[in-house]
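Taken in order, the sequence shown gives residues 3 to 211; the numbers are from the numbering used here.
No wet-lab data here; the hints were simulated from the structure.
Hints should not be assumed to be uniformly reliable.
As the list claims (entries may be wrong) - Estimated spans, in silico, between C-beta atoms of each pair:
| # | residue 1 | residue 2 | range |
| --- | --- | --- | --- |
| 1 | Ala122 | Asp196 | 14 to 20 Å |
| 2 | Pro67 | His199 | 40 to 46 Å |
| 3 | Pro211 | Glu129 | 23 to 29 Å |
| 4 | Gln39 | Gln150 | 27 to 33 Å |
Positions of the beta carbon are idealized from the N, C-alpha and C atoms, including for glycine.
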Amino acid sequence: MRYGIRAWARRLAGTAVCMGTLVACSDSPPKLVTVSQLPTEFDQLAGVCQGHGQAYSAAPAYTGPPPHPMAVVVTDRTTPSVLDLDNYGSAPTGAGAHPSRNTDPGMVQLVACQTDEGPATDVLGPECQYSDRTIADTPIRMIPEWFQFTIYSLRTHTVVGTERVLTDDTHCPPMLDVIRGRPAPRQVASLSSDKVHETLDHYTEAMLP
Numbered sequence: 003m004r005y006g007i008r009a010w011a012r013r014l015a016g017t018a019v020c021m022g023t024l025v026a027c028s029d030s031p032p033k034l035v036t037v038s039q040l041p042t043e044f045d046q047l048a049g050v051c052q053g054h055g056q057a058y059s060a061a062p063a064y065t066g067p068p069p070h071p072m073a074v075v076v077t078d079r080t081t082p083s084v085l086d087l088d089n090y091g092s093a094p095t096g097a098g099a100h101p102s103r104n105t106d107p108g109m110v111q112l113v114a115c116q117t118d119e120g121p122a123t124d125v126l127g128p129e130c131q132y133s134d135r136t137i138a139d140t141p142i143r144m145i146p147e148w149f150q151f152t153i154y155s156l157r158t159h160t161v162v163g164t165e166r167v168l169t170d171d172t173h174c175p176p177m178l179d180v181i182r183g184r185p186a187p188r189q190v191a192s193l194s195s196d197k198v199h200e201t202l203d204h205y206t207e208a209m210l211p
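Input sequences plus hints: build the corresponding full structure.
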């Protein structure tokens with residue numbers, strides 16, 4: 003009887019340890035969503051950058067000679083917009099946007115997920131002067147911002163590479179972000195199309211085995 007009590011106590015202790023580490027003991031790891039059909043719309047590729055990711059098993063492999071077509075998923079506040087890399091910068095983004103595309107979504111091999119990492123605290127852009135009466139000639143500072151691109155193979159969702167880039171377009175914008183009827187004292191610089199292509203084109207132009 004004494005042995006039985008000890009054995010029961012050991013089993014209970016093991017249960018307590020398991021309850022203390024629920025993720026390891028009872029929860030299965032998050033699973034990648036795999037889609038067997040080719041994407042027919044660019045907007046479907048937003049799922050690659052959401053949740054635990056998404057792969058399209060029928061997508062062309064990231065291999066062989068270029069070009070390797072790429073889509074870029076940009077999140078404007080909370081709304082993802084999927085762009086053809088060939089048209090990045092010339093297409094609208096955000097809710098309701100309908101950017102033009104040159105690439106058949108079924109030919110896409112790579113998806114770059116663009117994430118905002120916040121303003122660069124050690125870099126200041128130029129001051130912009132506006133004469134509008136609502137601004138009262140207040141100088142507005144342009145602030146560069148860091149972005150990261152995580153580049154995935156669409157077929158397998160494996161990470162092909164990551165790139166961290168600082169926004170480079172610090173031109174004073176014709177329109178300003180307004181908070182509570184007043185312009186924000188700092189305006190975030192944007193990422194130019196040239197900078198995006200400088201950052202990502204070597205993936206699409208790579209000669210692979």
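Hint-by-hint comparison with the structure:
For alanine 122 and aspartate 196, the Cβ-Cβ distance of about 19 Å falls inside the hinted range of 14 to 20 Å, so the restraint holds. The beta-carbon spacing between proline 67 and histidine 199, approximately 19 Å, falls outside the hinted interval of 40 to 46 Å. With their beta carbons about 51 Å apart, proline 211 and glutamate 129 fall outside the hinted range of 23 to 29 Å. Range check, glutamine 39 to glutamine 150: Cβ separation about 30 Å, and the 27 to 33 Å hint holds.
Hint compliance for this structure: hints 2 and 3 are not met, and every other hint is.
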